Structure formats: structure tokens, C-alpha cells
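Trainee: Please build the complete structure, drawing on both the sequences and the hints.
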Amino acid sequence: MHFRPDGALDDSLPGIAAEAVVWNALRQGLGADAGYLFHRAVLYNHRRGNPRAEIDILLIHAELGIWVFECKGFNLYNIESINNNEWRMRQWQKETETPLQQAHKQMFQVKDLLRKNPDIQTLIDQINFGKRVALPRIRRQEWQERFGDPPLIGALVFADDLEKPEHLKQRLYEARRVAQAPLHEGKLKQIVRHLGLVLEDDTNSQPNYGYDSQMVIRRVQEGIFKLDEDQRKIATQYPEGPQRLRGLAGTGKTVVLTRRAAKIHADHPDWDIAVVFYTRSLYEQIRRQISEVCQSKFDIEPNWQKLRVMHAWGSQDQLGFYRLLAHQCGLLPKSLEQARAELRDKNDYTTEPFDYVCQELGEKAKEIPQLFDAILIDEGQDLPPAFYRLAYQTLRDPKRLYWAYDEAQGIGSLTVPGAAELFGRDETGKPKVRLGGRAIVLRHCYRTPNIILMAAHAINMGLLRGGQPLQGVTQKDQWEGLGYEVIEGDFRKPGSPITLTRKACHPVDQENFDPKVDPQSLLVWRTFPSEEEEQNWIAQQIERDLKQWSFRPEDLLVTSVASFRGSRPYWESLKARLKQRGISALIAGEDADRDIFRLPGHVTLSGIFRAKGNEAWKVYVCQFQNATEPGLSVEEQLRRRNQAFVALTRTKIWCVVTGISPKDQLAPAFQELRQAKEQYPYLRFPAFNKGSLRRVHEVDLDLEGA
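In our numbering, each number is its position in the sequence shown, counted from 1, plus 5.
Quick caveat, the hints were computed from the structure, so don't treat them as lab data. Small disclaimer: the values here were computed from a predicted structure and weren't measured. Among the clues, some could well be false.
[Stated by the list, open to error] Ranges of calculated distance between the beta carbons of each label pair, as one might list FRET restraints:
no. : residue 1 : residue 2 : range
1   : Ser555    : Gly246    : 46 to 52 Å
2   : Ala186    : Thr101    : 39 to 45 Å
3   : Phe303    : Arg349    : 44 to 50 Å
[Said to hold, decoys possible] Heads up, simulated DSBU-like pairs for lysine-lysine below, C-alpha to C-alpha not over 35 Å straight-line:
no. : residue 1 : residue 2
4   : Lys116    : Lys192
5   : Lys121    : Lys194
6   : Lys437    : Lys268
7   : Lys110    : Lys481
8   : Lys339    : Lys302
9   : Lys437    : Lys371
10  : Lys121    : Lys238
11  : Lys192    : Lys268
12  : Lys481    : Lys521
13  : Lys552    : Lys192
14  : Lys435    : Lys404
15  : Lys508    : Lys110
16  : Lys371    : Lys435
All C-beta atoms, glycine included, are put in the ideal place defined by N, C-alpha and C.
Mentor: What follows is the structure in C-alpha cells.
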């Protein structure tokens with residue numbers, strides 16, 4: 006028997022406990038048989054692009070046929086009365102339940118899908134179809150004492166049956182309506198695949214795209230940088246005073262900032278403007294975007310002496326904000342190596358080097374000169390408060406400081422700092438800087454397709470990890486602020502089932518996108534017993550991308566959930582395997598100038614820190630098992646999950662996730678990824694409260710100085 010998922014169920018989780026009991030009984034009773042057992046199998050409507058049904062447990066058995074199990078976790082007390090198909094409930098989530106009707110409808114949908122396949126249609130009359138409502142908290146005798154023994158009792162599975170898996174198996178055999186001939190493995194796989202379910206060996210290869218990848222890229226490219234009305238307004242306005250822009254990866258923050266920088270430069274060519282970023286490889290991208298807007302919108306060439314694009318730190322060969330300010334203050338700037346050495350001498354292993362040099366500069370400088378009329382900061386989540394205080398002081402009145410903060414993209418942190426945390430408080434305890442109504446939230450994600458973004462959130466927060474989430478938001482309006490729609494659930498009741506979905510913003514998620522793209526083909530995962538096999542497969546797939554699917558090398562990015570230093574041999578080995586296939590690859594930050602992330606004719610290989618802030622049409626995320634490696638400290642767990650979020654959201658269309666996993670049990674990171682993919686277009690998890698989290702993802706409005 007093939008199990009999906011294998012070991013991923015947790016009978017302690019609300020909403021899943023009943024399913025876990027039924028799953029475990031079927032697994033024990035049928036484990037040696039031929040077939041497939043699915044938990045929460047989604048039957049997909051390919052024509053409409055949405056699910057037809059989600060089945061609690063679906064059994065596809067060589068001899069028993071196809072069975073639907075609708076699992077209910079209520080007690081006998083919760084059933085007030087039964088009137089045919091309608092069960093009136095008390096002290097339950099719903100006033101009425103219709104479990105038999107649900108099971109019947111799901112079985113009909115299974116049959117309906119199979120009838121559409123000519124190869125299987127002839128078998129339908131020979132296959133046994135069955136359905137059961139499982140009640141793992143109700144015993145057969147107490148049911149009979151309360152409701153007697155009506156005909157419907159034959160469609161129920163009680164706690165007694167589930168406690169004896171062999172007895173359950175026998176009852177299923179006895180209930181067969183058709184004594185079918187055993188289905189061989191090939192026919193079982195055919196049935197599973199036609200239902201749209203993923204087999205274990207389906208992950209051995211990527212989907213065969215039924216479209217021209219370059220045509221899809223062109224169509225997406227036409228719409229991906231089109232700003233909505235709110236973004237256009239934000240991009241063309243530059244308020245008097247500081248402003249924070251907050252939003253998910255791909256909501257257009259960098260585009261808004263670069264357009265605003267170009268607009269300010271065109272309106273005030275005499276102003277001194279700085280555009281500051283954290284990831285060095287963003288340098289050319291930001292300059293190019295500003296230049297394109299200046300030329301196309303304002304018919305000017307940017308004056309790079311007045312409009313400076315600068316890395317936050319800088320280096321000997323490239324002036325950065327910190328190095329410029331240190332020189333202006335008459336101080337000698339420090340390098341990364343110097344800062345690390347001094348921190349080691351102080352036995353300080355918690356302070357980040359850039360935070361250290363910014364704090365020191367603020368303390369040692371006799372006076373901070375006012376150098377700029379406007380400063381625009383991208384990747385604000387990666388910069389320490391000490392940097393913001395320096396930047397604020399370098400501004401002339403009225404302090405036009407605009408910074409973009411990526412939700413959940415701080416590799417080291419998820420917390421969104423308030424203005425008081427960044428700039429401090431005065432002697433009366435009031436925030437020194439007040440944002441008032443100038444704090445902006447961008448809600449629509451245009452870069453990453455929904456199926457990938459939702460899976461990234463699930464991994465990042467630990468929503469499906471089997472236990473309490475580690476970090477996240479705990480209120481309906483906060484989820485809506487992240488672009489979600491709450492379909493079901495009450496966040497005020499911890500443990501109650503929550504169901505979310507997202508509005509379609511990415512072009513491929515739109516109903517009118519042509520050619521139609523199956524969302525399930527956008528997110529593919531595969532595990533391997535060794536890194537060598539993982540690398541061989543990635544190299545093979547990239548060769549296939551280039552030769553069969555018309556991708557260009559620069560369309561592709563390979564990144565990972567791992568430290569670049571520790572993984573350097575991994576990248577060198579992968580590069581060598583690509584070279585053996587005649588494919589050129591660039592290890593970002595190593596094979597060329599550190600500011601170069603992409604070269605024509607080269608596949609980019611990059612650690613997560615250099616990949617952050619960049620993107621590609623198709624992204625391979627390798628070493629994904631590290632996202633949930635056992636035995637880590639809580640802080641390191643959070644850091645790894647944040648890295649996983651960043652890695653997944655580097656893609657503009659397709660994402661392939663790989664990693665190492667033992668054959669007997671899927672690695673936890675892939676268990677969570679699989680569940681998230683199977684739930685799409687929904688995200689389901691038990692409600693949780695702030696007190697249970699290791700890190701809360703929210704903004705304290707009191708700290709904003711509103």
C-alpha cells in the first residue's frame with residue numbers, strides 16, 4: 006500500500022484527530038495490500054482551475070475498489086436528532102451536518118472524473134465503489150441505544166471497528182457490491198493519475214508543459230510590472246516626512262521605490278537623492294529600473310551624481326551609504342572582516358556586524374552632516390535600527406525617508422519594527438519619529454503565483470508542522486492585510502478550523518490568462534537519498550529546460566536553504582555537473598564581480614543571501630530538508646523557515662523544490678510542502694493565539710506614532 010501522506014497526520018490537532026484515527030486503522034489493516042491511501046485528496050477541475058472536492062480519506066485498493074471516508078470528530082451528545090440525511094447538532098461548529106450526503110457527493114465526483122477517461126470508463130462497472138462515514142468518538146452500542154439500528158447504520162464506521170484494523174478490513178470486504186477482478190499496479194496508477202492525484206514516483210520528473218514556456222513568460226512579463234491604481238499613486242507621490250511601505254514579496258515595492266526615485270529626480274534635479282539597498286547583487290537591477298523610468302516617462306538621463314544608488318555598507322571598490330557617511334564624519338570606515346574580528350574580541354556573538362559599525366559610527370561621530378534631500382531604502386527588513394537613525398540624521402528637513410519592508414522576508418527576523426523601535430523615543434517616552442497616516446501596506450502580490458506563495462507562508466509560519474505554529478499573525482484583519490480572504494473560522498477560538506484563500510493577482514492565476522496553466526504544474530518537489538543524486542537530477546532537468554522547453558539559461562536560478570559557506574562544495578559540484586552537459590553556470594558573488602547576479606547565457610547558482618531581492622522565471626530550491634532540520638534552537642528554526650520563504654518566492658512562475666529525505670519517511674519540510682500543495686487553493690490550519698507563538702508577526706500601531 007502506498008500512503009499519502011505517510012506519517013504526516015497528528016491525532017492531537019483539532020480538526021484532524023478524527024481523520025488520524027481512521028487513517029491509522031486503515032494503514033494497519035491494509036498496509037500489506039496493493040493500492041493507494043490518500044489523506045485530504047483534492048479532486049481537481051482542470052477546466053475551471055479550481056477543486057471539485059476534498060475527500061478526508063480516499064482508498065484505491067486492488068481488490069476492494071475505491072472507497073470514500075468522510076470523518077467526523079463529534080461525540081454522540083453533539084447529535085441532537087437525525088432526520089434522513091440531516092443531522093441536527095448541538096454545541097458543534099455547525100447547526101446541521103449531512104455526512105452521508107457529503108460522502109455520496111464525493112463518490113459521485115470520483116466516478117464522474119473517471120468516466121471522462123475512455124481507458125477507465127469500461128472498467129467502472131467492474132470496480133467496487135464504497136463510501137463510509139467514520140465516527141471514531143462514537144461506539145456502535147451507544148449509537149444503537151440512542152438511534153436504534155436503521156438502514157443507514159451500515160454506512161457508518163464506529164470506534165469499535167477502528168480499534169480492530171483486521172476487523173475493519175473484513176467488514177470492507179463483506180460490504181463489496183462487486184466481486185471485482187484484482188487491479189494490477191499499472192491500472193491503479195492510471196486511476197490515481199486521472200483523478201489528478203500525485204503518485205510518489207510522479208515526482209521523478211517535472212510536468213510536461215502543454216504550452217510554450219517563452220510565450221507564457223512574455224504574457225506574464227506584459228502584466229507583472231503593471232502597477233495597480235494604488236501603487237501608481239504611491240509611486241508618483243513623495244510625502245513631506247518619513248514613510249514606510251510594507252508588503253509581501255512581489256507586491257511591487259522595489260518598482261514603486263525606483264519609480265518614485267525617478268519622479269523626484271525629474272521634478273528636482275538639484276536635490277541630492279540616495280537609493281539604498283542591502284543585497285549587493287541588486288545594484289544593476291535598481292539602476293536599470295530607474296534609468297528606464299527616467300528615459301521612458303520623463304525623457305531624461307539620470308544624473309548619478311545627484312541620484313546615488315548605494316549599497317547600505319559599501320566596499321573599497323564601491324562607495325556605500327555607511328562608508329560615505331564615515332568619510333564625511335572624518336572617520337575610517339570598517340570592513341566586514343574588521344567588524345567581525347572586533348566582535349569576536351569583545352566576545353559578542355549576537356550583534357550583527359552591520360549593526361555594530363552603524364552603532365559605533367553614531368557614537369563616535371561628533372556631528373552627522375545633512376547630505377540628502379530624500380533617501381529611499383529597499384529591503385528595509387534587513388537593516389538595523391542604528392542604520393535608520395543615521396539615515397534620518399543625514400536628511401535635510403522635512404526628512405523625506407521612505408523605506409520598503411518585506412513581510413516575512415527578513416532572513417533573520419519576521420518581526421515588523423515600529424517607528425519607535427527604529428528611531429527611539431524622546432525624554433517623555435514619545436516616539437521621536439511619527440508616521441501618522443504615512444504607513445502604507447501593499448496587499449497584492451504580482452510576482453509569485455498563489456500556489457507557491459501560499460505554500461511559502463505555510464512553511465514560513467509552521468502552519469502545517471504538526472503542533473503550534475512558530476510565528477505568524479493571529480487576527481483576521483492581519484491575514485487580510487497579507488492579501489488573504491478568510492473563508493471559514495474564528496481566530497478568537499484557538500483550535501477551531503481556519504480556511505483561507507487568496508485573490509488571483511499573478512497573471513497565470515487569472516481566469517483569462519492564455520494559455521491556461523495548471524497551478525499544480527507550477528510547484529514541483531522531489532526528494533533523494535543523497536546530494537549526488539539531487540545534483541545529477543537538477544542538472545538533468547536544467548538540460549531538459551534548455552533543450553526541450555525553450556528556457557534561456559538566464560531564465561533559471563538555483564538557490565538553497567543552507568549557508569553558502571557550508572555549501573560551497575555543493576555549488577562547485579553542481580556547476581561541474583552542468584558543465585558536463587555543456588551548460589554554463591555562474592556562482593553569484595564568486596565567479597564575477599560581487600554586484601553581478603546574472604550573466605547572459607549562464608544559469609545562476611546562488612546562496613540564499615545573494616538570491617534575496619532577485620528573482621527568475623524558474624527557480625530550483627535545493628537542500629530544502631534544512632528548512633525543518635530536527636534539533637535546532639527556536640531562533641535557528643525561525644531563521645531556516647524565513648530562508649525557505651525567501652527561496653520559494655524568488656520565482657516569477659515555476660518552482661522546483663528538491664532535498665534529501667530517507668525512503669521510509671518523508672522529511673518534515675516536504676511533508677508540510679506536500680500538504681500545502683494538496684490544500685490549494687485553500688490553506689487550512691487550526692486557529693492559534695499570540696501567546697503560543699515564538700515570534701509574533703504584527704505591527705504595534707501604538708509604536709507608529711499615529
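Trainee: Does Lys194 sit within 35 Å of Lys121, going by the straight-line distance between their CA atoms?
Mentor: Given that 35 Å is the threshold and the Cα spacing comes to 16 Å, the pair holds.
Trainee: Falls inside 46 to 52 Å, the C-beta gap from Ser555 to Gly246?
Mentor: Given range 46 to 52 Å: holds, Cβ gap about 49 Å.
Trainee: Given the hinted pair Lys552 and Lys192, is their Cα-Cα distance within 35 Å?
Mentor: It holds: about 32 Å lies between the C-alpha atoms, which stays within 35 Å.
Trainee: What's the verdict on Lys437 and Lys371, does the C-alpha distance respect the 35 Å limit or exceed it?
Mentor: OK: Lys437 and Lys371 at ~20 Å, within 35 Å.
Trainee: Are Lys481 and Lys521 close enough, with their CA atoms no more than 35 Å apart?
Mentor: Since the Cα atoms of Lys481 and Lys521 sit roughly 32 Å apart, the hinted pair holds (cutoff 35 Å).
Trainee: Quickly compare the C-alpha distance for Lys339 and Lys302 to 35 Å and report which way the hint goes.
Mentor: This hinted pair is violated, its Cα atoms lying about 39 Å apart.
Trainee: Holds or violated: Lys435 with Lys404, Cα cutoff 35 Å?
Mentor: With Cα atoms ~18 Å apart, Lys435 and Lys404 stay inside 35 Å; holds.
Trainee: State, for the Cβ atoms of Phe303 and Arg349, whether the hinted interval 44 to 50 Å holds or is violated.
Mentor: 49 Å Cβ-Cβ, so the 44 to 50 Å window holds.
Trainee: For Lys116 and Lys192, compute the direct alpha-carbon distance and say whether it is at most 35 Å.
Mentor: 15 Å, holds
Trainee: Taking 35 Å as the top limit, are the C-alpha atoms of Lys371 and Lys435 close enough?
Mentor: 25 Å, holds
Trainee: Within a Cα-Cα threshold of 35 Å, do Lys508 and Lys110 meet the stated pairing?
Mentor: 27 Å, holds
Trainee: Lys437 and Lys268 were given as a pair; does the straight-line alpha-carbon distance stay at or below 35 Å?
Mentor: This hinted pair holds, its Cα atoms lying about 28 Å apart.
Against the hints set out earlier in the document, violations occur for numbers 8, 10 and 11.
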